[in-house]
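Going down the list, the protein sequences come from chains A and U. Counting from 1, position 103 in the first sequence corresponds to residue 103 in our numbering; the numbering is continuous, with no gaps. Counting from 1, position 31 in the second sequence corresponds to residue 31 in our numbering; the numbering is continuous, with no gaps.
It cannot be assumed that every hint is accurate.
[Said to hold, decoys possible] Reference excerpt, derived from the structure (chain A facing chain U, CB under 7 Å, subset only): (1) Tyr32; (2) Tyr39; (3) Gly43; (4) Pro44; (5) Lys99; (6) Phe102; (7) Lys104; (8) Leu108.
What the hints contain is simulated information worked out from the structure, not anything from laboratory work. Here a beta-carbon is modelled for each residue, glycine too, at the ideal position from N, C-alpha and C.
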Amino acid sequence: QKEVEQDPGPLSVPEGAIVSLNCTYSNSAFQYFMWYRQYSRKGPELLMYTYSSGNKEDGRFTAQVDKSSKYISLFIRDSQPSDSATYLCAMISGGSNYKLTFGKGTLLTVNP
Amino acid sequence: DSGVTQTPKHLITATGQRVTLRCSPRSGDLSVYWYQQSLDQGLQFLIHYYNGEERAKGNILERFSAQQFPDLHSELNLSSLELGDSALYFCASSVASLNTEAFFGQGTRLTVV
Chain A
1 QKEVEQDPGP
11 LSVPEGAIVS
21 LNCTYSNSAF
31 QYFMWYRQYS
41 RKGPELLMYT
51 YSSGNKEDGR
61 FTAQVDKSSK
71 YISLFIRDSQ
81 PSDSATYLCA
91 MISGGSNYKL
101 TFGKGTLLTV
111 NP
Chain U
1 DSGVTQTPKH
11 LITATGQRVT
21 LRCSPRSGDL
31 SVYWYQQSLD
41 QGLQFLIHYY
51 NGEERAKGNI
61 LERFSAQQFP
71 DLHSELNLSS
81 LELGDSALYF
91 CASSVASLNT
101 EAFFGQGTRL
111 TVV
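If we strip away everything but chain U, and leave its shape as in the complex, we get:
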């Protein structure tokens, strides 16, 4: 167990809908990262928050947004969902901003039908 908790584990929703994925980092970790994993693209970095502030953005669509709350948990919001958004979404956390030792959660498997 990495100590990073993601909920829900599975999510099935229809196209056009909006969902929220939740991540609780390891105790003491200030950084939260979100990744999308699909078969054809592999693990793609979406966004990084450090102590409540956005630090870096990767290949995150405008339909997606995230935030990190004062208690350091983070949420990833996905809206106007398309079939191609079906993927595994991982959250990772690390103590510092430099994530050479990041710990990943078990992921949320999103299926858009």
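If we strip away everything but chain A, and leave its shape as in the complex, we get:
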């Protein structure tokens, strides 16, 4: 079983829709949770970082962490065509090895 599982999609939604992106993980040592956005032929760009269970909001983006279920989500409200990209979840475990473990990414297309 992979440490981080992410539905690769693709996911296609109309402009203005609410998008829900999800990852599950198996390693209970993961303590830090990130979402990255990657446009085609570009490097990943950090969107949000959370540490504790619960919700964190930044503009149209909300990151949600449920450590008891080992489940994280990213919600995008009022989605825009410019949100079309691959979204990657990433996690870091505690301790001294700060290895960033990524999901495989979900390809999102927002249609005008």
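Fit chain U to the given chain A structure using the hints.
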């Protein structure tokens, strides 16, 4: 622009050859990380350097090596290249050793023919 510079952007080379990928981190960042991204494996962590010292190793092959120099730039050396080494190689940097806010470069696309 993330502030992380990777060169070259594209590289085409033959099997068995050796190449060097270069990364300049953001000003002030002490940590450099290398990742390999392929279609089937996704983003895989290779190695992490902090202020010139190796901190962690991931799924890095023995044919691959890296170093971080006193000016904090880093190089990833790939030798005895195989077709399966074709991938995007990303460098990321962060201020601290804990990379919750890492900034990625644009990547080097390596094609082995």
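Going through the hints against the structure:
About 5 Å separates the beta-carbon of tyrosine 32/A from the nearest beta-carbon of chain U, less than 7 Å, and the hint is met. With a least beta-carbon distance of about 11 Å to chain U, the hint placing tyrosine 39/A at the interface is violated under the 7 Å criterion. Look at glycine 43/A: its Cβ gets to within about 3 Å of chain U, closer than 7 Å, so that hint holds up. Because the smallest distance between the Cβ of proline 44/A and any Cβ of chain U comes to about 5 Å, under 7 Å, the interface hint for this residue holds.
Because the beta carbon of lysine 99/A sits about 5 Å from the nearest beta carbon in chain U, less than 7 Å, this interface hint is met. The interface hint given for phenylalanine 102/A is met, as the beta carbon of that residue sits about 4 Å from the closest beta carbon of chain U, less than 7 Å. About 4 Å separates the beta-carbon of lysine 104/A from the nearest beta-carbon of chain U, less than 7 Å, and the hint is met. With 7 Å as the threshold, the beta carbon of leucine 108/A stays out of range of chain U, its nearest partner Cβ sitting at about 16 Å, so the hint is violated.
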